[in-house]
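Asker: For reference, the chains in residue letters:
There are 2 protein chains.
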Amino acid sequence: MVTIEDVAREAGVSISTVSYALSGKRAISEETRRRVVAAAERLGYMPKAAARALAGKRTHVIAVTTPLHADTDHSAHMAFAMAVTTAAREHDFDTLLLVQDDELEGMRRTAATLLADGIVVLDVAADDARAELARQLRCPVVFVGVPTDNEGLTCIDLDFERATEEAVEALRTAGHRSLALVSQGQDVIDRASNYPLRIERTFVAAAERHGLEARIVRPRPDTSTGVVEALLDEHPDVTGLVLSTRSEVADAVGPALERRGLRVPEDMSVVAVGMTPEPGRQPLPFDSFPLDPQLTCPAAVDLLVGIIEGRVVPGGVQLVPPVHQARGSVAPVRMRDVR
Amino acid sequence: MVTIEDVAREAGVSISTVSYALSGKRAISEETRRRVVAAAERLGYMPKAAARALAGKRTHVIAVTTPLHADTDHSAHMAFAMAVTTAAREHDFDTLLLVQDDELEGMRRTAATLLADGIVVLDVAADDARAELARQLRCPVVFVGVPTDNEGLTCIDLDFERATEEAVEALRTAGHRSLALVSQGQDVIDRASNYPLRIERTFVAAAERHGLEARIVRPRPDTSTGVVEALLDEHPDVTGLVLSTRSEVADAVGPALERRGLRVPEDMSVVAVGMTPEPGRQPLPFDSFPLDPQLTCPAAVDLLVGIIEGRVVPGGVQLVPPVHQARGSVAPVRMRDVR
DNA sequence: AACCATTGTCGAAGCGCTTCGAAAGTGGAC
DNA sequence: GTCCACTTTCGAAGCGCTTCGACAATGGTT
Chain R
1207 MVTIEDVARE
1217 AGVSISTVSY
1227 ALSGKRAISE
1237 ETRRRVVAAA
1247 ERLGYMPKAA
1257 ARALAGKRTH
1267 VIAVTTPLHA
1277 DTDHSAHMAF
1287 AMAVTTAARE
1297 HDFDTLLLVQ
1307 DDELEGMRRT
1317 AATLLADGIV
1327 VLDVAADDAR
1337 AELARQLRCP
1347 VVFVGVPTDN
1357 EGLTCIDLDF
1367 ERATEEAVEA
1377 LRTAGHRSLA
1387 LVSQGQDVID
1397 RASNYPLRIE
1407 RTFVAAAERH
1417 GLEARIVRPR
1427 PDTSTGVVEA
1437 LLDEHPDVTG
1447 LVLSTRSEVA
1457 DAVGPALERR
1467 GLRVPEDMSV
1477 VAVGMTPEPG
1487 RQPLPFDSFP
1497 LDPQLTCPAA
1507 VDLLVGIIEG
1517 RVVPGGVQLV
1527 PPVHQARGSV
1537 APVRMRDVR
Chain W
1207 MVTIEDVARE
1217 AGVSISTVSY
1227 ALSGKRAISE
1237 ETRRRVVAAA
1247 ERLGYMPKAA
1257 ARALAGKRTH
1267 VIAVTTPLHA
1277 DTDHSAHMAF
1287 AMAVTTAARE
1297 HDFDTLLLVQ
1307 DDELEGMRRT
1317 AATLLADGIV
1327 VLDVAADDAR
1337 AELARQLRCP
1347 VVFVGVPTDN
1357 EGLTCIDLDF
1367 ERATEEAVEA
1377 LRTAGHRSLA
1387 LVSQGQDVID
1397 RASNYPLRIE
1407 RTFVAAAERH
1417 GLEARIVRPR
1427 PDTSTGVVEA
1437 LLDEHPDVTG
1447 LVLSTRSEVA
1457 DAVGPALERR
1467 GLRVPEDMSV
1477 VAVGMTPEPG
1487 RQPLPFDSFP
1497 LDPQLTCPAA
1507 VDLLVGIIEG
1517 RVVPGGVQLV
1527 PPVHQARGSV
1537 APVRMRDVR
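Chains R and W, in that order, give the protein sequences.
Going from the first sequence to my numbering is simple: count from 1 and add 1206.
Going from the second sequence to my numbering is simple: count from 1 and add 1206.
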C-alpha cells in the first residue's frame, strides 16, 4: 500500500510538499510539482480516504436517502439515485445509499459519524419526517422535492405548477374546452411526494381561469386501464387529456383510446406532466413536461457541494422550469362522432 | 462534536477503556462497561467513521457496482441494490453506490483509497470486464451472477439451470409435449447477464432429454406483444410456455392469449423462470421460479463480510436453489380447438 | 511469605493525511 | 551591505480512534 511518504521519498521532497503539490492548496514550483506528480503516478499513489477524511475534515462522500415504498416504482428511484451519483462524481464525491427503514436512523448515523459531508433527500413526501430531522442535523442537506413545511430547508424541484399550466395552455390554445387529468391513486396522493396534489390543484385553477371544463380521475391502486375507460364512458366530450399518473396507467391510455376508435391526436390530445421517463422502456408517445432526474439532481448536487464548501448559503426553494417535449400528441380540436 | 475523549472523561476512565468497553474486544468489568455505555449515551457519542477506519483498518462500508445499460430495467437494478444495502446494514455496513461509466474506475478507486472494505458486483455479464479487474484488486469482491471466466472469483447466483429444468419438468408432468420459451431480445443475449443464455440452453437440453418439442422466440428490442402473437400463429400446437423475458413482454402474454380466446391454464400452461418481481407492480399471474434479490443478495453480503473478516475463504461459485411460486398457471394438457 | 496466573485498566504509539507556522533562499530597493 | 518582501519548502502538530504492551491489583498455590 503506497502512502504519501513513499511518494515524498520517491520525489525527494517532504510529505507536506507532496500534499500541497497534489492538492494545489499552496504554491509549489512548477518543477517540483511535476516531479511529485510523476512520482505519484509511477507508484500508483492514491490518498487513503480515511486518512484524508480524518485530517481534512471532509469525506468526499454524500449520502442519498430514498425511502422505497412497496407501491412506488423502483425504476424512477433508481434513475434519481443514479443521476445524483453521476453528478456527485463530477465533483469528485462518492455516494452512500441509505434506504428503507434506515432512512432516518441512517441520516442520523451518517451525520453523527461524519460518514458523509452532506445528504441528498429523494422522493420527498409532503409531510416528510426527514424535513424535521434535517433541521436538527448539523450537516448540509438538500431536498429534491418540496415538503410542505420547508422552513429552513434547501429544496430543489421541478416547477410542477408551471408545467401543469403550460400543459393546460397547450390544450387550450389548440381549442380544447373539456379536459381531464388522469392523476395518481388516492394512496399516492395521501402519502407520497406532494407534487401530484400540486398538479391537481394547478390543473383545476388553470382550467377555471380559462373557463374550461376540467375533471380529475384517480386510478385505484389495483386497476390500471379501468380508469380511462370509465372516464371516457362518463364524459365522452373530453378532448384533452393531461396525464400525471403511474406509468402502467399511462401505458394503458393508448390502448384504451384505440379500443374505442379514438386516435391521438386527431380525436384526443394528450399531454403528460411530471412523469419520469423510464430508461429501457418505450417513452410515452405523448407530448410531455417530464420530471427528468437530469433536471433536478445535478443542480441539487451542485447546491449541496456548494454548501459543503461554504460557497453557497443554504436555505430556499428553487424551482426548475419545465421542458416541453413535443411528440405530436396535441392537435387542434375537431368534431368527432361520440359513441 | 463529542469524541471518545469526552466519553472517557465523563465516565472517569481512560480512552482505551472506552474503546474496549464499546467494542468488547477486551474484557472490561461489568461495572466499568456500564459506566462507559451510560456516559456514551448521555453524550450521544458515535465514533467518527474516518478515525475508526484509519486506526482500525476497516471502513465498515461496502461498495456496490451495477452498470446501468440504457436498455435494462432499472427497477430490477434498484431491487438488487436495495437488497444488498439492507443486508449490509444487518452487518453494520453502509453501502457505496458505483454506477455507469464509473464501474471500473470506481472499483479501482474504491479499492485503492480503501474507501470500502469490499465490493459486491451486480448485473454480471458473461464477459464482464469487472471479472478481470476483481482478480487484480487486493480487495474482497463477490459477484452476484457468474461471468464465463470465473476462475479465482467468488460468485453467487440463482441456479437457473435447475429452475429451467424444474419448469420444463412441471410442464412435462402435466402432459405438455410442445413447449416454447419466450426469451430475451438478441441484444440482451449478446451483451448482458449470461443467464438468459443459460436458460435457453437448459431449456433445449431438458426438452430434448424428454423428447418434447421446444422452440425459442426472442422478442425484438422494440416490440413487446408481437412475439407471442407470432409464436401462436406459427405454432398453434404449443400448450406450454416458459417465460424468461422482459417484464413488458411477459405482461403482454396474458392479453395476447386472451385475445385469441386461450385461457390460462385451461388452454395454455405458463411458467416464468428467472424473472425478477417488481415491487409496486402486479406480480405475474403465472407459476414462477423467480430471480428474487432476496435469494442471492443477502447471501452475497454474508459471504463478502465473511471474507472481509477473514472467516471465509474467497473463491468458488455458489448456486442457490430456485424457489417455486405456484399461481395455478399450470394444468394438465387437454384437447382444444386450434384456430 | 513468595510466587504466579488472571483480570481490569492505562499510556502511548501509531494509522496516513492536512495544515500551520517557520525556515531557507532569492532578488530588488535603498 | 542591509533590509524587506516574496517564493518555496519543510517540520511538526494534530485529526479521533484502535491496539499493543505494561502495570496494578487480586486471589489462589506452594
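There may be inaccurate statements among the hints.
Given that identical chains are not distinguished, each listed pair holds provided it fits within a single copy or across any two copies.
Listed next, the in silico SDA-like pairs over lysine to any residue satisfying Cα-Cα at most 25 Å (straight line) [as the list claims (entries may be wrong)]:
1) K1263 / Q1342
2) K1231 / R1465
3) K1231 / R1415
4) K1231 / A1318
To be clear, the hints were calculated from the coordinates, so they are not data collected in a lab.
Asker: Which constraints among the numbered hints does this structure fail? Numbers only, ascending.
Answerer: Checked against the structure, the hints that fail are numbers 2, 3, while the rest are satisfied.
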